[in-house]
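Trainee: Chain L is already provided as a structure; the job is to place chains Z, A, S, H, F, C and V on it using the hints.
There are 8 protein chains.
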Amino acid sequence: MDTSDVETILTQVAAGDLEPADAARLLARLPFSDLGHARIDHHRSLRQGMPEAVYGPGKAPREVAEIVTELLASGTGPVIVTRADEAQITAVRAVAERSGTELSVTGHESSAAVVLRPAAVLEARVVVITAGTADGPVADECVAVLHAMGYQPTVLRDRGVAGIHRLIGDLDIVLDAEATVVIAGMEGALASVIGGIAPGPVIAVPTSVGYGAALEGVTALLAMMASCAAGVTVVGIDNGFGAGMAVVRALGSRS
Amino acid sequence: MDTSDVETILTQVAAGDLEPADAARLLARLPFSDLGHARIDHHRSLRQGMPEAVYGPGKAPREVAEIVTELLASGTGPVIVTRADEAQITAVRAVAERSGTELSVTGHESSAAVVLRPAAVLEARVVVITAGTADGPVADECVAVLHAMGYQPTVLRDRGVAGIHRLIGDLDIVLDAEATVVIAGMEGALASVIGGIAPGPVIAVPTSVGYGAALEGVTALLAMMASCAAGVTVVGIDNGFGAGMAVVRALGSRS
Amino acid sequence: MDTSDVETILTQVAAGDLEPADAARLLARLPFSDLGHARIDHHRSLRQGMPEAVYGPGKAPREVAEIVTELLASGTGPVIVTRADEAQITAVRAVAERSGTELSVTGHESSAAVVLRPAAVLEARVVVITAGTADGPVADECVAVLHAMGYQPTVLRDRGVAGIHRLIGDLDIVLDAEATVVIAGMEGALASVIGGIAPGPVIAVPTSVGYGAALEGVTALLAMMASCAAGVTVVGIDNGFGAGMAVVRALGSRS
Amino acid sequence: MDTSDVETILTQVAAGDLEPADAARLLARLPFSDLGHARIDHHRSLRQGMPEAVYGPGKAPREVAEIVTELLASGTGPVIVTRADEAQITAVRAVAERSGTELSVTGHESSAAVVLRPAAVLEARVVVITAGTADGPVADECVAVLHAMGYQPTVLRDRGVAGIHRLIGDLDIVLDAEATVVIAGMEGALASVIGGIAPGPVIAVPTSVGYGAALEGVTALLAMMASCAAGVTVVGIDNGFGAGMAVVRALGSRS
Amino acid sequence: MDTSDVETILTQVAAGDLEPADAARLLARLPFSDLGHARIDHHRSLRQGMPEAVYGPGKAPREVAEIVTELLASGTGPVIVTRADEAQITAVRAVAERSGTELSVTGHESSAAVVLRPAAVLEARVVVITAGTADGPVADECVAVLHAMGYQPTVLRDRGVAGIHRLIGDLDIVLDAEATVVIAGMEGALASVIGGIAPGPVIAVPTSVGYGAALEGVTALLAMMASCAAGVTVVGIDNGFGAGMAVVRALGSRS
Amino acid sequence: MDTSDVETILTQVAAGDLEPADAARLLARLPFSDLGHARIDHHRSLRQGMPEAVYGPGKAPREVAEIVTELLASGTGPVIVTRADEAQITAVRAVAERSGTELSVTGHESSAAVVLRPAAVLEARVVVITAGTADGPVADECVAVLHAMGYQPTVLRDRGVAGIHRLIGDLDIVLDAEATVVIAGMEGALASVIGGIAPGPVIAVPTSVGYGAALEGVTALLAMMASCAAGVTVVGIDNGFGAGMAVVRALGSRS
Amino acid sequence: MDTSDVETILTQVAAGDLEPADAARLLARLPFSDLGHARIDHHRSLRQGMPEAVYGPGKAPREVAEIVTELLASGTGPVIVTRADEAQITAVRAVAERSGTELSVTGHESSAAVVLRPAAVLEARVVVITAGTADGPVADECVAVLHAMGYQPTVLRDRGVAGIHRLIGDLDIVLDAEATVVIAGMEGALASVIGGIAPGPVIAVPTSVGYGAALEGVTALLAMMASCAAGVTVVGIDNGFGAGMAVVRALGSRS
Amino acid sequence: MDTSDVETILTQVAAGDLEPADAARLLARLPFSDLGHARIDHHRSLRQGMPEAVYGPGKAPREVAEIVTELLASGTGPVIVTRADEAQITAVRAVAERSGTELSVTGHESSAAVVLRPAAVLEARVVVITAGTADGPVADECVAVLHAMGYQPTVLRDRGVAGIHRLIGDLDIVLDAEATVVIAGMEGALASVIGGIAPGPVIAVPTSVGYGAALEGVTALLAMMASCAAGVTVVGIDNGFGAGMAVVRALGSRS
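Protein chains in written order, with the numbering used here: chain L, 31 to 285; chain Z, 31 to 285; chain A, 31 to 285; chain S, 31 to 285; chain H, 31 to 285; chain F, 31 to 285; chain C, 31 to 285; chain V, 31 to 285.
Hints were generated in silico from the structure; no laboratory data involved.
Ideal Cβ placement from N, Cα and C applies to all residues, glycine included.
Errors might be hidden in some of the hints.
Under 7 Å between C-beta atoms, here's a sample of chain C residues computed to sit facing chain H [to be verified]: (1) ALA164; (2) GLY242; (3) ALA243.
Interface residues of chain A toward chain S, partial, derived using beta-carbon atoms under 8 Å [said to hold, decoys possible]: (4) MET80; (5) ALA83; (6) PRO229; (7) GLY230; (8) PRO231; (9) ALA256; (10) THR263; (11) VAL264; (12) PHE271; (13) GLY272; (14) ALA276; (15) ARG279; (16) GLY282.
For reference, chain L alone in the conformation it holds in the complex:
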């Protein structure tokens, strides 16, 4: 909650412009809208400079549409729906058409990221790098979040460490990045290698790619946490959205 809001309210109370009981109600209800099934945090966008985001799975298309409508109505920043299925995309598309908002859809029909009202383009150099082609969907989600916030990341795919020389041609890009997202399943070794090269924040995303001993991403997660490269940080398994958000946190004020 923004401190200045609190002070404004207290000042109004002091001036007799606001009853104490009303002030208490105001303080409690101010920062969100209650849709019954969901509470929308309108202040987070202001407070943290991050997009309004709706996580699709488990929500009815109608619920997603209601939340998106509320977000478009009450804010001005980007709105993103993650892991949306086809019915949810259709519902959001209808909302967008009604309100004259453009939208972009990235990913498979069964699990797509939908972006509305993207931010103005920023200059920051962000690199998203994957170990294998199968890590693509996670990278797509990360890129969609970054696009929503105005970033134009360079995406390097299929750079796994088993062919370490494939990275040589990309060294300049990695060395020049202001933030790097490393997406890898199996043993996740790419995070350590990039972590030893890239100068800025390196955010590692373990993916559930691989089978058997990859333990659906747990092996990569543990390996990235135990990485010998200092200062590498990790987000949850397959969490491309979180990685994009971490980039926004890190570069937010640099645009």
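Mentor: Frame of chain L; chains Z, A, S, H, F, C and V shown alone:
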């Protein structure tokens, strides 16, 4: 390896100033010193803007002293020895005295961080916040790394979520931070709460504090990875050093 | 087994009204009915003041109907069928109609709670609070159990800790609760926050909501067990039924 | 934070008796004392009716003494130090003597519970039951917390399920309990058996007793979570303190 | 390999009735038939007094039929096919009809036990006891194996420990058993309770019944391994076949 | 509880020789002695034909002595103390001397099995076989239990499967065994091999021998549970006592 | 990257035949082709003497076809597609027909290995041995890789250790093998037994065959890692491809 | 067991030179010596071409001495004692002096490898490479085994992937290796990188180096098993001995 170095060497070869065989040897040996027991990466400091760091455990005091001597001799940036024991501290102190370098020691005698040649003071607002008093040693390691790099972090201790109102007086500090490190054991819930408030990068450090179901830090690690707060990133259990490094990566160019 | 029953039987034996051999048989068979596929514990309701409950999965609709018929015939308290599928609901509905008992169904068709013969309404203030909208089905099961026993819980949805200020408006409700059920997946941090505020019993339910590092509820389970808030207790993953029963145990004598 | 406090302060602001800026500071700092190394939550005692508790491990004897001094000075309720070692006990004893407060010490010298200023005796019938003699220390910690709050629990030791008939003589006690704590290691089966008998809240504590497949308490923890007895709740491994606190939460208003 | 066979062969060699090279070949090939896709161990039946058993999953119906044909042709004891699907049952039924052998099928069509040529009826008193109705299929598999070997087990269903008094009527049966199989999922506590009562071998079978913290049988497995009842032994999760075989091993010579 | 006891008591009540209230007390208290710190189950020996056993760890020498004194006084069968340390052995030795009972001690001073009043020698052929020399202490505990009950097991040491031919000379012994205990750490493969050869009950004991991937016995435990040899059963890690007890259960009536 | 290539390029630069900037580009791009969605490492075949391999899952048939086309065009060695589904097989078949290359398909339609341009036949004696018939598909994948490289392995199926004598007839084959692959699920004991017999490299493949305590291959994996047979090495669960590649690495220069 | 031995014995029987009963005894006892506490497999050295090895931990110095004496007396190949402590080294040194055998000791006094009668020097190019200096002891054990067998490995230390360029100078060595052992803790990424470069067998050894998320070697183990580099094989955690043995298996016939 810095691309310009490669080009310089290739240009010298082209100019006949360097034999191809010598160039190959040069390319291979350039970026580190080989002490036999350790290979020192002098270029990482330049490449990544991070301090030269020596991990103490498992190294003989003499080996630590040799590495520190080499680092002081060939570089100009800060040098840090982590988790040093008493004998290692003594050995490093001797090196410092011989070379007229000041050093500071933080933490217990059995596991201290030793900083030599710290960087000039920076202005960035960094906050380090712990859930309980028992998380102190991890915070100390993190703070030592930050001091080495010139940061003067604000440290908030004992702000666990079981008394969530204890955070209210610190809201301004957290809302104003350019980077926040959250250190918590047990269930690690503080990372989610701070992650919902702080605007910049939030780096969570699970600690091995707690017993039984805390599983020596694994519970906090998993909880932080699964955090409902978007964009929070995580480093390894008790890895205060890594968290400090992650801050350096994130804020490196903002000083 | 009720002690007074034992004494009654022994007194009858002493009075010569009951043969020892018959008494032994009586002692053994008294407290349940044997349907072949299931043994119904009629005394639990008396002994523990809890509803007669039937766990649906793995039972044939006909078996469920037989058990419900037996429960309605031999007892007077509420009866609840949990995680019932459509065929089971139909079978129970037929039983209810034949016996002129009303029934209510909560939840999805594939996994619903069916309540028959609910108890009279009680005054106790119970709060059920969820971290996200996806925790809804678990809350529904918990609420159905509470309704069966006569409680009218206040349900607060979507109060996850990433927007901690969303809780402020509910503080009075939580501070006033005689018992609180906290339902959360992902990292389960809400249990610690509520545990630090609510005065009465706080029962935490980890849910399988979340993906990757949430480990299908194990992360939330461990986090809740390791909670820094004193006196919080935990039931099994997704076990809304158990949480409701724990409330009944805690408040049973307060109505 | 107590709502009435907030309203009082707002009313004072409305009356002109308090400047808005001062009110903001007051709101933030009111509910705790800051000792530098620890923040003491004086309001929790009022808010939740639970004792002020200090967890010993990892704190210097001087720190423990400071916290206890503060707690005795600013509150009126019971104070408890858990898992205190010999030096901490000595430090607390000195504080007690200076302030003329009596104290009692339960458990081993290396890990004892110290109780100061216990509450007046309550009438509630609480039962603490252990599976084996080795579960004793956990029971002792639980009993110390209960004593601090005024409860006089009945303690039944060595009632493991391998000799289920040993429970028969205790049936009346268990059936009559208003709250029951079940403490068991190994496979933790006692919780299920007692959960099927006891009418009120049943709080299960897994212990690290057992070896090999007992997995230092994880087996008992999982077994208790998966218990077939409805409404049994669980606290962390060896967490006798938490179990005692859970009883206080459940029976707090019944005294 | 039966020692007497070896001696017979060596004696024949000594007598000149067998060439050394032929003897070597004989020694190697004697105890099984090679069907290409499977090697049938005809001697196990003789060596261990256990039925010839075929594990269905992953085998083509034709392969199962071939193995059963071979087993019927070369042996005289019972033959059992476990976890057979409908196509495999049909294939085996055809074999049985061609050879004039009767067969019995137990369980679901998708996972049944097929028994051919069962042994003569034995007198031994075997008890199979389940904690809940959902453990039924595992009990069925166990009973089928026992029937194949001539045992007529008493089956007690739905005797979970949450209603411990339901066991009282069965005490005589359990106390009189020569071998007892305990089948339980969730927390598996029934094994400890029965293990404290039954005098003979007690074989515990953890089942995958339960959800969440039951971890698909791992919780029951660990709990049974850590059981406080001495001498209880455990077989794999859902392994009703193994439990039946263990009974055969224990009682084989008692018939 | 022995049914005949119950009937006797009820008959006395019927005959007016016993008051109902006294009968109830009698029923409850009969089968054990209460030493305060422990409840001794005198009937288990009669009920299950197993030795009275005291688990040493965590008990004061004085407590062990009291329990042993009680066991010697009120029973006639063998008494065994497991994992006794030096002080406990001394205390038990004093008890033995006072009562004129001989005792034998097996194992290390820090963890020995003490046997008093062993049973008469039995003829049954029991084999205890270990994979490596490091499994010796577990075998010793198992053998001590067997000796207490009158068995004279054949012990085969260091028969690990990496040298499978070392087993050939022992084939006759294994084929002739009435019960076989297989003790193995590391990967526990010996249980599968012996399970394929031995005809009677095969009880596998995983040991914590091995390092790294042996996971302190969990690997062997899982491997033995998943064994491809039918009817092999498993006891807990390092539980030589339990294995011995399982043999007693299996062979009890064959002596 | 082949050193001679580097030297050649440097020599060309020294001779003025190549501009330094061009050389840098050449060095970076030389060893692979970039298809956008995948980077093909043409040098690995030369560098490591292993076949070009394409992992099917997650790739569109069109993508697989493009990669195979590129591999056939630019190399001369064998090409293998693993775990190909029907659509991918069809796409590759079309490529093969267009280019006049023969191809062989091994395994199920849903998961087959496709081999194109196999190497000339080699003489090395390789043995692939499985514990059960269910391990067949993993063996098939391994054999396909070996065939691609020119090996003609002897395949021994269904040699599990529960019938250890079934191995006797194969002893000569195993003792004579230059490399042995052991494929086993459940408890994986076969690896230890073969590891104690076979003289050359023994590569163990844990499979996900088995249920319950087999933990989808983790039990076999751990057991094989902890094997008491010295020098046995392990690849990932179900990784028949990796095992074949390990044989190629071991025998590559012996052909 | 060597087939020729079997044939020899059978031929003697056929010739009447050997009684069948004696032959049976001979077959069984031939390949090992029984010291009571250990069975020595003299044939393994012949059968597998590997050194006679004694694992120190858990054996009395006297036992180690007896085994070494037996091995020196009856064989001619190298003998190695692993993880020997000081007392065991002293005992072995005495044996060596008595028999005039030279011995070499590698490693710490508390855990050393002792080699006696090393094999003649071989030419094979073996490389042992570690990720960090802390992996040294595992490398030392591996090197001692290799020396015993006559190999003179090149050891590259401290080549972790965080400074991937440190590997460049070693590329020729790795590309030229006939076998490579990669030893790494933490995330074990080095195995994947080397696996993508080295042409021959690559044997990865996870070490328990690292803390927290490194899970005492389990993270590296899983990461190496899941490695994206084809044909890399893995041995147990810290198992330098096993890795050396695997090299012996792979290169045995190439000397």
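Trainee: Hold the hint about THR263/A up to the distance rule: shortest CB distance to chain S must be less than 8 Å.
Mentor: 3 Å, holds
Trainee: Taking the least C-beta to C-beta distance, is VAL264/A closer than 8 Å to chain S?
Mentor: VAL264/A check passes; min Cβ-Cβ to chain S is 5 Å, inside 8 Å.
Trainee: Min Cβ distance, GLY272/A to chain S: is it shorter than 8 Å?
Mentor: Hint on GLY272/A: holds, closest Cβ of chain S at ~6 Å, below 8 Å.
Trainee: For the hint on GLY242/C, just tell me whether its beta-carbon gets within less than 7 Å of chain H.
Mentor: Nearest chain H Cβ about 3 Å off; hint holds.
Trainee: Close enough to count: is the Cβ of ALA164/C nearer than 7 Å to one in chain H?
Mentor: 4 Å, holds
Trainee: Does MET80/A meet its interface restraint, that is, does its C-beta lie within less than 8 Å of any C-beta in chain S?
Mentor: Hint on MET80/A: holds, closest Cβ of chain S at ~6 Å, below 8 Å.
Trainee: Can you verify the interface hint for PRO231/A: is its Cβ closer than 8 Å to any Cβ in chain S?
Mentor: 5 Å, holds
Trainee: Does ALA276/A hold up as a contact with chain S if the rule is Cβ-Cβ below 8 Å?
Mentor: 4 Å, holds
Trainee: Holds or violated: is the Cβ of ALA83/A closer than 8 Å to a Cβ in chain S?
Mentor: Since the shortest Cβ distance to chain S is 7 Å, the answer is holds.
Trainee: Holds or violated: PRO229/A as interface residue toward chain S, Cβ cutoff 8 Å?
Mentor: Since chain S brings a Cβ to about 5 Å from PRO229/A, closer than 8 Å, the hint holds.
Trainee: Does the closest beta carbon of chain S sit nearer than 8 Å to the beta carbon of ALA256/A?
Mentor: Constraint on ALA256/A satisfied, holds at 6 Å.
Trainee: Per the CB criterion, is PHE271/A less than 8 Å away from chain S?
Mentor: 7 Å, holds
This entry satisfies every hint, going by the numbered hints stated previously.
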